[in-house]
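In full-length UniProt numbering, the protein residues as written are 1 to 179.
None of these hints come from the bench; they were simulated from the model.
One should not assume that every hint holds.
Straight-line distance between alpha carbons at most 27 Å, and here's what the computed DSS-like set of lysine-lysine pairs gives [as the list claims (entries may be wrong)]:
hint	residue 1	residue 2
1	Lys21	Lys42
2	Lys18	Lys39
3	Lys33	Lys18
4	Lys46	Lys33
5	Lys33	Lys21
6	Lys66	Lys33
7	Lys21	Lys66
8	Lys42	Lys66
9	Lys66	Lys18
10	Lys21	Lys39
11	Lys47	Lys18
12	Lys46	Lys66
13	Lys39	Lys66
14	Lys21	Lys47
15	Lys46	Lys18
16	Lys42	Lys18
17	Lys46	Lys21
Using C-beta positions, here's what the derived DEER-type ranges look like [said to hold, decoys possible]:
hint	residue 1	residue 2	range
18	Ala87	Ser14	21 to 31 Å
19	Gly151	Lys18	40 to 50 Å
20	Asp10	Ser62	38 to 48 Å
21	Ile147	Asn48	33 to 43 Å
22	Asp10	Phe160	51 to 61 Å
23	Asp24	Asn85	25 to 35 Å
24	Val91	Leu143	13 to 23 Å
25	Lys18	Asp45	18 to 28 Å
26	Asp34	Phe160	49 to 59 Å
27	Val88	Leu143	17 to 27 Å
What you are looking at is a predicted structure, and each value in this text was computed from that prediction instead of being measured.
Just so it is clear, CB atoms sit at the ideal spot from N, CA and C, and this is done for glycine as well.
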Amino acid sequence: MTPVDLDISDQADSVYFKYTKSADSHTHTFLAKDGFAIKNIKVTDKKNNRFEHLWGSPSPVSNAYKVIAHSSGPNANYVQIHLLNNAVTSVYSATFSSSREETSLEESVIVKEGKEKHPDEKQDSADTSTKATVNYKLLYILLPTVIGAVGLVIAAVAVFVYRRKRENSSNLLSSETSV
1 MTPVDLDISD
11 QADSVYFKYT
21 KSADSHTHTF
31 LAKDGFAIKN
41 IKVTDKKNNR
51 FEHLWGSPSP
61 VSNAYKVIAH
71 SSGPNANYVQ
81 IHLLNNAVTS
91 VYSATFSSSR
101 EETSLEESVI
111 VKEGKEKHPD
121 EKQDSADTST
131 KATVNYKLLY
141 ILLPTVIGAV
151 GLVIAAVAVF
161 VYRRKRENSS
171 NLLSSETSV
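Based on the sequences and whatever the hints tell you, model everything.
Put into structure tokens, the structure is as follows:
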């Protein structure tokens, strides 16, 4: 397979990828065509002419064959990466979401009671909801990690107690046999 780079801000079919988006335009899927695999993923903020490197494969076996980017909704700002070794990983992209929000904010300026609402005011509320979404996602990432760590500590304590009881019983047996 030929390793290629993917820029998820280029939302169109290419020689290397098949691009599809959901009906609500919140989910963008890139599927590597036959003979190609994704080695690096980046997103370009074309408004500011800067890019963010999101992910890179350390070896050919962990290259990706499918990338799903969520521009809004419950998984907003996250990019799921499906690897050739059947693993799935996710990364967060502030650049991907912010370029989508800025575009939608500029296109939809709200007019209420004859007064135009400035896009920057709406931007603040969008940033707050994005932060809430990020905190919500971190909860789902950190909670299993904390539970796993607590489980390891409990297992270590159980093994320690078991060994201590075994030592005490063997010491008790050896002291009885010497009498």
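Tell me, in ascending order, the numbers of any earlier hints that this structure violates.
20
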